[in-house]
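S.K.: Using the hints provided, position chain B relative to the given structure of chain A.
There are 2 protein chains.
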Amino acid sequence: MKKGVILLSGGVDSSTTLAIAKSQGFECYAITFQYGQRNHFELEMAKRQCVLQGVKEHKIFNIDIAQFKGSALTDHTLDIPKQASTDIPITYVPARNTIFLSIALGWAEVLGAHDIFIGANIVDYSNYPDCRPEYIDAFQTMANLATRSGVEGNHLMIHRPLIQFSKTQIIEQGIALGVDYSLTLSCYNPDSQGRACKVCDPCRFRAKGFREAQIEDPTIYTAN
Amino acid sequence: MKKGVILLSGGVDSSTTLAIAKSQGFECYAITFQYGQRNHFELEMAKRQCVLQGVKEHKIFNIDIAQFKGSALTDHTLDIPKQASTDIPITYVPARNTIFLSIALGWAEVLGAHDIFIGANIVDYSNYPDCRPEYIDAFQTMANLATRSGVEGNHLMIHRPLIQFSKTQIIEQGIALGVDYSLTLSCYNPDSQGRACKVCDPCRFRAKGFREAQIEDPTIYTAN
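Just so you know, the protein sequences line up as chains A and B, in that order. When we follow my numbering, the leftmost residue of the first sequence carries the number 1, and every step to the right adds one. When we follow my numbering, the leftmost residue of the second sequence carries the number 1, and every step to the right adds one.
This is chain A alone, in the form it adopts within the complex (with noise of 0.2 Å):
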């Protein structure tokens, strides 16, 4: 059985692409970073997402990248945004994905996989340069050029299986393959219960998607 290893934030993406990864046959290992976020329930819906869907480890792995400052994800500070950008907004985190994807690299090549999944699109999204086919694409090709495994011929594979997808097509997806979204949580800024916000893009997004789809919206908001 083929190992791979998945970005797991604990959100609809994310948790689409586990359950994608694991209907193409794969040994799930799924990787949940801890960084300095002001939401600290998605790691909660990371942990039930991992139970449910039969991972076989779960790795929480703490960075301080908070400490860069430099984002209103990590910079609690700065207030989210409620509207959409046309720019890349205050809730990009400089390199995120790429330190992340870095180091699924480190434990994918410990673990003996050649198979990385992310949940990135650029349908309902918000702008952030590091989700973008071509940003991924350049990282497979230097992950090749960075690891054991590149230099012995195994060839890495940087998935994006949501990349042209919308937040509806996600989601059909996903319920296609049994994703329970009750315990899954995209809001940038829950309140003290873990109740969603509303107003933020990943809010208006998942709000959109379910709306589109026709399906009920399993999201808990918060009351204001």
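Heads up, a few of these hints could be off.
Any copy will do: because identical chains look the same in the list, a pair fits if it lies in one copy or spans two.
Below, simulated SDA-like cross-link-like pairs (lysine to any residue); rule was C-alpha separation at most 20 Å, straight line [claimed, not checked]:
id	residue 1	residue 2
1	Lys82	Tyr221
2	Lys59	Gly36
3	Lys59	His114
4	Lys3	Lys69
5	Lys3	Gln67
6	Lys82	Asp191
7	Lys22	Gly54
8	Lys69	Leu111
9	Lys69	His58
10	Lys59	Tyr35
11	Lys2	Gly25
12	Lys69	Arg148
13	Lys69	Gly112
14	Lys208	Val123
15	Lys208	Glu172
16	Lys56	Gln67
17	Lys82	Ile220
18	Lys69	His114
19	Lys59	Asp75
20	Lys3	Arg148
21	Lys22	Asp115
22	Lys69	Ile31
23	Lys59	Lys69
24	Lys56	Lys69
25	Lys69	His40
Simulated from the structure, these hints should not be mistaken for laboratory data.
M.R.: Then chain B, alone, in the frame of chain A:
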């Protein structure tokens, strides 16, 4: 004054690279990783080089990649080889330079720096895939797609000024720039007083470098 981020371990190569960045007029921001390596004395040397060379800021970044095992540098149950290898040796740490460069990339972006320096070289080296120029160039291509900086047209450059230098040439260059090599440590396996073992790859390359440069070797070796 342009800002440069320098990967600094506290050995010969990175200390020389720092001196080169400084000589090129960069305001230097050094980053040193504590990643579970055996050698804690390196870190002290890195700190001293930062003071000696007038670094603007020295960041010591903790990241537990030792949890993945798979390398004699981080798994203390494995022995450090005493002979050279024609393959990738057991001291190779999976994806190490990729993880370190990625974190440096995140910091560079927040600092507004477009230049990162790494002391990688492929003459007197241990066959690590992530020291080769084609790897570093691929990382640079990826980095320009990954970041706000790249998207906004500020070309990001990964400098590797030592890439084709022998250890002798590196030491000659460093001496010309005033590097104090008595305050560097290269050994993978120093004793409890921080004295070098004389037999690991970096010890042998370093000793050969001083000998061929006809410069007195300031390294303190263990007695036996």
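S.K.: Taking the hints in turn, state whether each one holds.
M.R.: Each hint tested on the structure:
no.: 1; hint: Lys82 to Tyr221; result: within (15 Å within a copy, 61 Å between copies)
no.: 2; hint: Lys59 to Gly36; result: both (17 Å within a copy, 17 Å between copies)
no.: 3; hint: Lys59 to His114; result: within (17 Å within a copy, 33 Å between copies)
no.: 4; hint: Lys3 to Lys69; result: between (35 Å within a copy, 17 Å between copies)
no.: 5; hint: Lys3 to Gln67; result: between (33 Å within a copy, 19 Å between copies)
no.: 6; hint: Lys82 to Asp191; result: within (15 Å within a copy, 56 Å between copies)
no.: 7; hint: Lys22 to Gly54; result: within (9 Å within a copy, 52 Å between copies)
no.: 8; hint: Lys69 to Leu111; result: between (32 Å within a copy, 10 Å between copies)
no.: 9; hint: Lys69 to His58; result: between (27 Å within a copy, 16 Å between copies)
no.: 10; hint: Lys59 to Tyr35; result: both (14 Å within a copy, 17 Å between copies)
no.: 11; hint: Lys2 to Gly25; result: within (7 Å within a copy, 50 Å between copies)
no.: 12; hint: Lys69 to Arg148; result: between (33 Å within a copy, 15 Å between copies)
no.: 13; hint: Lys69 to Gly112; result: between (34 Å within a copy, 12 Å between copies)
no.: 14; hint: Lys208 to Val123; result: within (12 Å within a copy, 56 Å between copies)
no.: 15; hint: Lys208 to Glu172; result: within (13 Å within a copy, 63 Å between copies)
no.: 16; hint: Lys56 to Gln67; result: between (32 Å within a copy, 17 Å between copies)
no.: 17; hint: Lys82 to Ile220; result: within (18 Å within a copy, 60 Å between copies)
no.: 18; hint: Lys69 to His114; result: between (33 Å within a copy, 17 Å between copies)
no.: 19; hint: Lys59 to Asp75; result: between (25 Å within a copy, 18 Å between copies)
no.: 20; hint: Lys3 to Arg148; result: within (17 Å within a copy, 33 Å between copies)
no.: 21; hint: Lys22 to Asp115; result: within (12 Å within a copy, 40 Å between copies)
no.: 22; hint: Lys69 to Ile31; result: between (23 Å within a copy, 16 Å between copies)
no.: 23; hint: Lys59 to Lys69; result: between (25 Å within a copy, 14 Å between copies)
no.: 24; hint: Lys56 to Lys69; result: between (34 Å within a copy, 18 Å between copies)
no.: 25; hint: Lys69 to His40; result: within (18 Å within a copy, 27 Å between copies)
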